[in-house]
Structure formats: C-alpha cells, structure tokens
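Asks: Sequence:
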Amino acid sequence: MEFKNTLIKSITAVLCVAAICISAVIGVGKIGDARIEAAKTAGTASSGTSSDEYTPFEDGSTEDTAATADEATSDAAQDQDAAADTSADSSAADASASQQSSDSSSSSAASPASSSSSSSSSSSSSSSASSMPTTTAAILSYYNNATAKVVSSKAGYSKTRVVDNEKIEANLIFKQFKGLIYQFMGIGADNKYTENVTKGKWGENPYILASKLSASDVTGAKCVKSGSNYVITINVKNGSSAANKSKPTTPANAPLDRTGICVGTEDKSRFDHKTASVIYDAIQGTFKSADVKESYNNAVVKATINASTGNISSLTVTWNMNVTIDIGGAASASGISHVTYSNFKY
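Numbering follows this note's numbering, with no gaps: position 161 of the sequence shown is 167.
If you're looking for bench data, these hints aren't it; they were derived computationally from the structure.
In this text the structure is predicted, and so the values were computed from the model without any measurement.
Glycine residues also receive a C-beta, built at the ideal position from the N, C-alpha and C atoms.
Mixed in with the good hints, there may be bad ones.
Straight-line C-alpha distance at most 20 Å; calculated EDC-like pairs for lysine to aspartate or glutamate [claimed, not checked]:
(1) 351 / 223
(2) 253 / 287
(3) 243 / 273
Label pairs and their in silico Cβ distance ranges [stated by the list, open to error]:
(4) 253 / 144: 20 to 28 Å
(5) 306 / 216: 15 to 23 Å
(6) 173 / 275: 16 to 24 Å
(7) 164 / 272: 30 to 38 Å
(8) 166 / 144: 24 to 32 Å
(9) 173 / 241: 19 to 27 Å
Please take these sequences and the hints and turn them into a complete structure.
Replies: Below you can see the structure in the form of structure tokens.
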C-alpha cells in the first residue's frame, strides 16, 4: 500500500515535472514567436506601416514594438541622411576643386591674351605718336622728314626774311653805294622779304626745300618735348664761299644750304643765303672785277613739330653773315639773317 502510494506520488511528481517542462517549452516558443512577430512588425513599420502590438520579454516586461520600429526607422533615416550629407559634402568639395582648377586654367589661358591685348594697345599707341628722337642722327632724320613732308604735301605757309644788326665798313666810294650793296645782300628792314604760299599752289619755284642735313653738317642737335610738340634745335657748322670773274659760280662750302632754306647760285630774291656767287651775279654789271668773299657762323635751326602728326608748325633759321667785296678797295658788310616760316597749312 505504501509502495502504491509511493508509486502514485512518483508518477504524479513525474507528471507535474513533465507539465512544467511542457509549459516552459510552450512559453519559450511563444516568446520566440513574439520576437519573430516583433521583427516582422519592425520591418513593416520601416516600410511605412505602424503596429500597436506589445512584445513580452522573459522577465515579464513588455516593449512597445511600434515605438521600437519608429526609432529604427528614424535611425535608418538618420544614417541615410548622414551618408547623403557625406556624399554631398564630398561632391561639393570635388566640384569646388574642379571649379578652382577650371578658374585657374581660364586665368592662365586668359593671361597671355590679356598681355597680348595690352601689348597690342601699347604698340598701337606708339605707332600713332612717334617717340621723341634723342640722338643726333635720329633728330636730323626726324627734322629732314618733317621738311620733306612740307614739300610733298605742298603745304601752305608764310615766310619772312630780314637781316638786322647791319654794319658796313667801307671807304668813301663804297659808302656812296651803301644802299645798293645792302639791296644786293638783302640787308636792312627796307629789304625785308615776304612770301605767302597757298596750300597746293606752289608754282615752279619753291620757297622752302627738303632738308638734307647729316651728322657731318652739324656741331650738335637736341630735341625737347613742349606740350604736344617736339622742339628741335640744330647747330650748323660754319661755312664760306667765294666768287670772282674767273670763278663766278664756285660751289659754296655751306652746310647751311642743306637746312631747307631756299638757295641757289644766281641773283634771285627768293634765295635766302646770299653766297658769294649770288652776290657776284648781282653786282657784276657794276663791279665786274670784284672779288667777293662770304662767310657765316652761329647758324641755328629751330623747328617746332607736332609730336603726333610730324607736321612742322614753325621753323626759324638764323645765322651771322659777313661779306667782303674788293674792287681795289675793300668794303665789308655784316648782319644777322633771320628766315622764318609760319602758319603752315597741310
């Protein structure tokens, strides 16, 4: 009886233990099912579907699966945003670097063009206005070209010539012919010479010539800028000439004759430099046996030339003259010659 009771108690105990195990297994299974369901719910919430279910934990507490799903979704979104921001920052940095590289390349490419444009502009400016000549050779060339332009364009101008500070030394016989001698030589205010030339109407006999000065004709030359003009000053070497019955037209040693003034070997009023040949030609009818000697010194050319056009606006040539006429008794006359050209019209 005791054994039976003991057996029954044993069987009952076994059944209880079995029941407890079965319950535990069932409970664990439910917990696993709940977790699986919670995972499904979280996945559904991630795709935009909400859930109000609660998931039990082993300790008997519960979890709001909807809140968990929302947090997971928010975290995922934040991770995506962070990734997007990182990608955007990287792209922006790459774009910035690319833009800087492009700007640098554009700047490098534009720089030579800009430099070339500036150089072209400077070159164009230089060609429209010639640079100021500084050496003797350059100054003479500049002046020669300016006088040649007057001739080639047949410019209009006014011209005057006068010899002042006149002086004569002669015996009584010569002094009786003082007026005539002064007239031959163009000396004195009474023998002032003038011409007004109309542009384009020069005729056969010009009153100005193209200068042919070279370095061997001068003792110095300088050029200075004055406003919009170049002012050129040229010091011409001294010269002399002689003529008589046997050599009436001996060429003069006269660099002055290459300055552009009007010159020749005959008695013409338009000739500015009265060389011995010109004087002899004028007096030979009266003093056929005369021996004429002429010399000059301190000859100076002063020209004002527009720096932009190269056109002469004024020109003055001055020199000290001295003439001796000997017909068995000598007479000497001297003075300062001034030849002025002005009012040029091109």
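Asks: A separate judgement is required for each hint: does it hold in the structure or not?
Replies: Each hint tested on the structure:
1. 351 / 223: violated (29 Å)
2. 253 / 287: holds (11 Å)
3. 243 / 273: violated (24 Å)
4. 253 / 144: 20 to 28 Å: violated (38 Å)
5. 306 / 216: 15 to 23 Å: holds (19 Å)
6. 173 / 275: 16 to 24 Å: With Cβ atoms ~22 Å apart, the hint holds.
7. 164 / 272: 30 to 38 Å: Once the Cβ atoms are compared, 25 Å apart, the range 30 to 38 Å for residue 272 and residue 164 is violated.
8. 166 / 144: 24 to 32 Å: holds (30 Å)
9. 173 / 241: 19 to 27 Å: Holds - the Cβ-Cβ distance for residue 173 and residue 241, about 24 Å, lies within 19 to 27 Å.
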